[in-house]
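> Chains as they are written, first to last, in this note's numbering: chain A, 1 to 387; chain B, 1 to 387; chain C, 1 to 387; chain D, 1 to 387.
If you are wondering where the hints come from, they were derived from the structure by calculation, not from laboratory data. The reader is advised that the hints may include incorrect statements.
[To be verified] Below, simulated BS3-like cross-link-like pairs (lysine-lysine); rule was C-alpha separation at most 25 Å, straight line:
#1 C:232 - C:47
#2 B:93 - C:93
#3 B:232 - C:55
#4 A:93 - D:82
#5 D:47 - D:234
#6 A:53 - A:158
#7 B:93 - C:232
#8 A:93 - A:82
#9 A:78 - A:93
#10 D:78 - D:232
#11 D:55 - D:232
#12 A:158 - A:93
#13 A:234 - D:93
#14 C:93 - C:82
#15 B:232 - B:55
#16 D:232 - D:158
#17 D:93 - D:82
#18 D:234 - A:93
#19 D:124 - D:93
#20 B:93 - B:82
#21 C:55 - C:234
#22 D:93 - A:232
#23 B:234 - C:93
#24 C:53 - C:158
[What the hints assert, rightly or not] Here are a few chain A residues that face chain C, going by a calculated C-beta distance under 7 Å:
#25 19
#26 23
#27 28
The beta-carbon is built from N, C-alpha and C at its ideal position, and this holds for glycine as well.
Protein chains: 4
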Amino acid sequence: MNHSTEVFTLSAGPTMATHRTLAALGQPIMYHYDPVFLETFGRTQRKAAEVFKTKNDMLLMQGEAIVALEGAARSLTKPGMKVLNLVQGVFGKGMGYWLESFGAELHEIEVAYNDAVSPEAVEKYLQENPGIGLITMVHSETPSGTLTDCAAIGPIAKRYGALTLVDAVSSIGGLEFETDEWQLDIVVTGAQKCLAGPPGIGMVSVSPAAWEQIESNPNSPRASYVSLLDWKEKWLEGGAFPFTPSVSDVHGLESVLDQVLEEGLDNAIVRHTNAASATRAGAQAMGLELWAASESIAANCVTSVRVPGDLEHLDIRAHVRAKYGVMLSSGQGAGNLMRLAHMGPSANAMYPIVGLTALGQGLRDLGAQVDLGAGIEAAMSVIAQNN
Amino acid sequence: MNHSTEVFTLSAGPTMATHRTLAALGQPIMYHYDPVFLETFGRTQRKAAEVFKTKNDMLLMQGEAIVALEGAARSLTKPGMKVLNLVQGVFGKGMGYWLESFGAELHEIEVAYNDAVSPEAVEKYLQENPGIGLITMVHSETPSGTLTDCAAIGPIAKRYGALTLVDAVSSIGGLEFETDEWQLDIVVTGAQKCLAGPPGIGMVSVSPAAWEQIESNPNSPRASYVSLLDWKEKWLEGGAFPFTPSVSDVHGLESVLDQVLEEGLDNAIVRHTNAASATRAGAQAMGLELWAASESIAANCVTSVRVPGDLEHLDIRAHVRAKYGVMLSSGQGAGNLMRLAHMGPSANAMYPIVGLTALGQGLRDLGAQVDLGAGIEAAMSVIAQNN
Amino acid sequence: MNHSTEVFTLSAGPTMATHRTLAALGQPIMYHYDPVFLETFGRTQRKAAEVFKTKNDMLLMQGEAIVALEGAARSLTKPGMKVLNLVQGVFGKGMGYWLESFGAELHEIEVAYNDAVSPEAVEKYLQENPGIGLITMVHSETPSGTLTDCAAIGPIAKRYGALTLVDAVSSIGGLEFETDEWQLDIVVTGAQKCLAGPPGIGMVSVSPAAWEQIESNPNSPRASYVSLLDWKEKWLEGGAFPFTPSVSDVHGLESVLDQVLEEGLDNAIVRHTNAASATRAGAQAMGLELWAASESIAANCVTSVRVPGDLEHLDIRAHVRAKYGVMLSSGQGAGNLMRLAHMGPSANAMYPIVGLTALGQGLRDLGAQVDLGAGIEAAMSVIAQNN
Amino acid sequence: MNHSTEVFTLSAGPTMATHRTLAALGQPIMYHYDPVFLETFGRTQRKAAEVFKTKNDMLLMQGEAIVALEGAARSLTKPGMKVLNLVQGVFGKGMGYWLESFGAELHEIEVAYNDAVSPEAVEKYLQENPGIGLITMVHSETPSGTLTDCAAIGPIAKRYGALTLVDAVSSIGGLEFETDEWQLDIVVTGAQKCLAGPPGIGMVSVSPAAWEQIESNPNSPRASYVSLLDWKEKWLEGGAFPFTPSVSDVHGLESVLDQVLEEGLDNAIVRHTNAASATRAGAQAMGLELWAASESIAANCVTSVRVPGDLEHLDIRAHVRAKYGVMLSSGQGAGNLMRLAHMGPSANAMYPIVGLTALGQGLRDLGAQVDLGAGIEAAMSVIAQNN
């Protein structure tokens, strides 16, 4: 199997891109100071801000979204400052290691990796621990498929005088997200999840309060690939690139932003919701158990199911890919689970059917009891209602 | 719905192309006398002959395959000659109208459009009607999804001194086809069916005996778009194009020939067979009836099912496309039937599942009784065994 | 040399396509009855009519433009009718052979292949030869690079009651052309010349008077690949395709029509004019002689120059391609001449410089006296004035 | 002007990509743990090593090449170590600022930005200043178009026990470069210069001695976007990506490596040499002065010329782009100069002519005295000899 029509990429990012996105990535490469590219870059920034629903500054950082997360965390963390890190999965955990190594006094609220930190717990912690300057959280924990309630936590943070840094890598473009309405200071996303774009570019929005903190932080990276300040001082204020931007990735990014804006963000969110509903209904009707402790904290960009019996997630992933040409994601550190993503194009009508059928039959091939027919009936019933 | 990842094209041609094919169609357009294009054109002819399994001359004719069929039929038909036309579907029927208008004395063996003319019937007819100079037949009647046994009829024709003209438009590249082994004189195919290429180019192989007939026929088109002789005299013998060839379509065609040759024709045939088997098993388990009178004459490139109850095929096609983003084919003159194609990439593992699920649920939406779960179980069982 | 950036295609069609056109050709292939494609096809027809500047019916015929020319000539020619064919080059000459073979009583005005038939000569002929039912002419004789004055001849034909059939294959999209204003009945063009599209699709506009003639002509092709009537009766009147259209070519065609309409037809015409002016100035300053008898009849889509000394055009074409990676056109039957085309993208600022430099140095390599520096100075002087 | 065929990108990177490269960038996006992508990534690493001519470890770092330069410089610099930085241009100067900020004891040999640090000067410095642990240099200073003699300096460094870190961003793939033969420890390049690929990916080769230094350096970045160690420990040794790689950029990178390896590195080097020779000859014959102090230190990837009279480089760049559709580079900090690049496809026959003509006429438009004709004559004379 080696051509794309033979593989269904239903993984949790990078995910399959539309043909339009691929065509955009293959556009002629221009000089970065070509007047056409300068316009393109600025226009793409503005479209990204529209998708973030923010009036804050928007930076397009060259690299996988983690470059922007690292840059933001380094830039915000003053030595010795109190930072509250919310942990409900692998990415939240990793942020804690970073914060400590950047010199923060680390505070954490940690729950099981199939659960979510509640806004109430956050508020209680802030009451009991005055002086927290920054709260870090992951909106959608991709490896577990769970959500954090940023809509509630953002305003709480503001009330207690803390800045917020949100990893929204796998949510923006597919899940509801309101940067300004939720009062979030720094928000980071990537192109390769719900936007279904290339993995080589990150986006980060920065509020005036966050800039103030960054500029007053002696540890903020400068003259560095991970520097937010370089982009602000050279590009936003001076019109010069700190280094050559990735022309192709900007083309790809503009295209996926165009696509979601043309579809309408609200429509895209409904589409992701429907795909997740169908998948959850199908998986449960097949006899599989959802990973998330409750449906209310299950993210609509990726459905995680517990691996049944004594099977191993990596074996299942390899078997389904090899035998049925369907690329799913496995647990990636969060547990023995399998993930069917609903991101961009894969959050469309028939993809949940493809994913459920391949997973169900694959599990059966490996010895599990699966009621495939019932699963497809249940999923199609949801799809028929919603489409 | 307007981007490709939102539509599954499971129609009976044009069918979905691989990304590699699309990239080939988008290659830079060269001048037709550029030395690189001259090499490309010759190489593509040779690859087409390899896929036809023939040592006969190969012409690449500029237009949908029907341009080659018209050219071949006009070129072979001398005024007043006896031609036996085998009719088991729409395309066979149409050939008869042509033959008469071109001046032939028309003989026909016609069966119902869900049946096939048997080799025995052909032999009997030839015994009883001496002097038949040409037999015309359609290997795979796409609108009904049925096969003609060209492997048997070719040698019979030779024994009775008749030339053969075979419409193999929807079979070559996906079904077993042996031009020379089966002793066929003129064979025509297109790129947009099992080869999953662009619809703008036809291929035609011509045996020495056929050329002799064509050259001695005063009615053979010359200086015409449908002329086979122009291509022979100008291009094959003189290295000059009779008119500008479609550079892009040749690029697309070479790519699909490469793809099937790299995969191996035998492997491609097995793949089409497996997709058809899964689809037939699934459709029947859902409670649907196959259109073909028997499985032995069902073509592996497209599965036709009888429309249940008093539903109408065009309504079903429109509903399934609008609601589930799956483009199926309907009857196209052969009857009240729906068709799920297995052509090129759509003859891969999970596409039969997509087609069956969308069709099954669509029929149910419109009021039919369909056991969707049983259908998917049956189809996946076949796929699990064969993959 | 094997990748496109190593070859400058400055030939007289097919010519280099823009990246946008190539991307359009590589769009996903849809089923021809997919609702999205049905809309695309109709929209493309309307855009073609806009480029033709006509309210007449527009047909998109599947194949190189010559399929439409053949179809139009066959459809209009009643047995024994008097047809006046204007000959000033290879394509005009070929039309005469066709007309005779289709049963016309052939009348011709023929001039040398570097000259043009004047409107006065046509009017005089019509006065002296009453009963001419059709006048056939070639707007731009690509192999010689000369123009016919259709703007004047169209109204003359109307006054004498004759229909007109115009081969505008290499002019529409780059040269001034007014189908309705000039009162032309049937006009044919292709995509691969000034529109810089794929060579696999023709466009033809048909006036009501032409349809009347076609419908009353017993020889009009029907049920044929070259039939105009099939497209009228099945597609224009019935919404059904007479056969599968070339989905990819329609995508490519719509894109090139979009491009020229977005640029503005008038702007495109100015661009072609400027490129031709620069090239003519450069060629003459180099010491080369223009092929056209006077500049007033030189077509702005292709500049022909007389081959100097005893050199041979085919040798020059091969040498320039092999040594400098520039693909020019040679004489193609019209004489010992070399052609630098200005078609679509090649009618842009620096391409005339590339063509002139490669041709000039190539001629010099082969022994001719060429003042290369003076040629570039002269051409750039024109470009600097016009840009 | 907005489509690619209307702009000649002759800038000093990003430069124009071949159509094949663009097609590779537009290939379907796969999951990074798809078995096909895992193979692709490993294969691309090996091809990069082949182009570097090294048996050292090869890392593909996600971002513009500067991410790899920063990572390498941080990783090699132990606090207080003596580093000798060679400065002959903007990038060399910047490295010095970095080294100091990373805690090195900075030593520099600096010459004018149109000159080159000689191997003799390096050797003398090392003799006089024992204990230098690292020498940093820029093989090709893109903003000035000058070369450093790494072939000589590499072995000198080894003799004095110093590691070497070489910025070869704009040379590999177009200029002679022998990582192992020249005994270089860390070499960094990007894809967007002589390889004419996307700007989003860096490559870095690391010798065993360099790894030893990095592993023993407490300041080596870990768990960071700029970390070399992360890639070594997770990917090279563990088969797991430290973060999601840029699938599209890897596709684009493999393609450009394939292209240069198929052409042959030696052939590519000759091609760049010839383009530079033609350009230098043309510029001088026009009356322009080369920026480089002597031809022997002029880099063959970009020719810099001094701006004549009192003109300003940025004005010239803007004028030539706006009026002639040619994108050149200007000085970028190195001085009042204009640059015509020869990188990848632009190092082909006719591009120097395009660049020289547009620059020459542009300068003339702005008031300079330029003998355009003589320049083209001189350049074509070199091209005619070499092709």
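> Does each hint hold? Answer for all of them.
Hint-by-hint comparison with the structure:
no. : hint          : in the structure
1   : C:232 - C:47  : holds (18 Å)
2   : B:93 - C:93   : violated (40 Å)
3   : B:232 - C:55  : violated (40 Å)
4   : A:93 - D:82   : violated (38 Å)
5   : D:47 - D:234  : holds (21 Å)
6   : A:53 - A:158  : holds (18 Å)
7   : B:93 - C:232  : holds (23 Å)
8   : A:93 - A:82   : holds (17 Å)
9   : A:78 - A:93   : holds (20 Å)
10  : D:78 - D:232  : holds (19 Å)
11  : D:55 - D:232  : holds (15 Å)
12  : A:158 - A:93  : holds (23 Å)
13  : A:234 - D:93  : holds (18 Å)
14  : C:93 - C:82   : holds (17 Å)
15  : B:232 - B:55  : holds (15 Å)
16  : D:232 - D:158 : holds (24 Å)
17  : D:93 - D:82   : holds (17 Å)
18  : D:234 - A:93  : holds (18 Å)
19  : D:124 - D:93  : holds (21 Å)
20  : B:93 - B:82   : holds (17 Å)
21  : C:55 - C:234  : holds (20 Å)
22  : D:93 - A:232  : holds (23 Å)
23  : B:234 - C:93  : holds (18 Å)
24  : C:53 - C:158  : holds (18 Å)
25  : 19            : holds (5 Å)
26  : 23            : holds (5 Å)
27  : 28            : holds (5 Å)
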